[in-house]
Every structure is written in C-alpha cells, then in structure tokens.
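**Q** With these hints in hand, go ahead and build the complete structure from the sequences.
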Amino acid sequence: MASGAITPVIGETFALTDARAAHIAMRARQTTGKVVLDPAR
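Every number in our numbering is 213 more than the matching position in the sequence shown, counting from 1.
Keep in mind the hints are simulated off the structure, nothing from the lab.
Note that the structure is a prediction, hence the values are computed from the model and not measured.
Virtual Cβ for every residue (Gly too), placed ideally from N, Cα, C.
Some hints here could point you the wrong way.
[Stated by the list, open to error] Label-pair ranges, simulated between beta-carbon atoms:
1. Ala241 <-> Ala215: 27 to 37 angstroms
2. Arg240 <-> Gly217: 25 to 35 angstroms
3. Ala241 <-> Gly217: 26 to 36 angstroms
4. Ser216 <-> Ile237: 33 to 43 angstroms
5. Ser216 <-> Ala241: 12 to 22 angstroms
6. Arg242 <-> Ser216: 10 to 20 angstroms
7. Leu250 <-> Thr220: 27 to 37 angstroms
8. Gly217 <-> Val249: 13 to 23 angstroms
9. Gly246 <-> Ser216: 16 to 26 angstroms
10. Ala218 <-> Val249: 14 to 24 angstroms
11. Gly224 <-> Pro252: 28 to 38 angstroms
12. Ala253 <-> Arg233: 12 to 22 angstroms
13. Pro221 <-> Pro252: 11 to 21 angstroms
**A** As structure tokens, then:
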C-alpha cells in the first residue's frame with residue numbers, strides 16, 4: 214500500500230463516536246467500499 218499499488222476505496226467516513234451507526238450501516242449493506250472511523254471528527 215505504501216507504494217501506491219493498492220488503493221482502497223473509501224465508501225464512507227464516520228466519527229469515532231458514531232461507531233455504532235457505522236456498524237449498523239455495514240450490516241444493512243448501505244455502504245460500498247471501506248468504512249473509516251475517524252477519531253479526529
């Protein structure tokens with residue numbers, strides 16, 4: 214990944230405090246790509 218050979222697709226970014234909502238969205242298949250929890254948000 215450091216070389217840039219693989220580029221992950223970020224589907225949605227959630228604040229760390231919204232981890233529950235992120236998990237619900239993943240289980241309901243409402244996201245495409247990777248789900249990111251951002252502690253800075």
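**Q** Please go over all the hints and tell whether each is borne out by the structure.
**A** Results for each hint:
1. Ala241 <-> Ala215: 27 to 37 angstroms: Once the Cβ atoms are compared, 33 angstroms apart, the range 27 to 37 angstroms for Ala215 and Ala241 holds.
2. Arg240 <-> Gly217: 25 to 35 angstroms: Holds, since Arg240 and Gly217 (Cβ atoms, about 31 angstroms apart) stay within the stated range.
3. Ala241 <-> Gly217: 26 to 36 angstroms: 32 angstroms, holds
4. Ser216 <-> Ile237: 33 to 43 angstroms: 35 angstroms, holds
5. Ser216 <-> Ala241: 12 to 22 angstroms: Roughly 35 angstroms apart at Cβ, these two residues miss the hinted range, so it is violated.
6. Arg242 <-> Ser216: 10 to 20 angstroms: 31 angstroms, violated
7. Leu250 <-> Thr220: 27 to 37 angstroms: 19 angstroms, violated
8. Gly217 <-> Val249: 13 to 23 angstroms: 18 angstroms, holds
9. Gly246 <-> Ser216: 16 to 26 angstroms: 21 angstroms, holds
10. Ala218 <-> Val249: 14 to 24 angstroms: With a Cβ separation near 20 angstroms, Ala218 and Val249 satisfy 14 to 24 angstroms, so the hint holds.
11. Gly224 <-> Pro252: 28 to 38 angstroms: Roughly 18 angstroms apart at Cβ, these two residues miss the hinted range, so it is violated.
12. Ala253 <-> Arg233: 12 to 22 angstroms: 18 angstroms, holds
13. Pro221 <-> Pro252: 11 to 21 angstroms: 18 angstroms, holds
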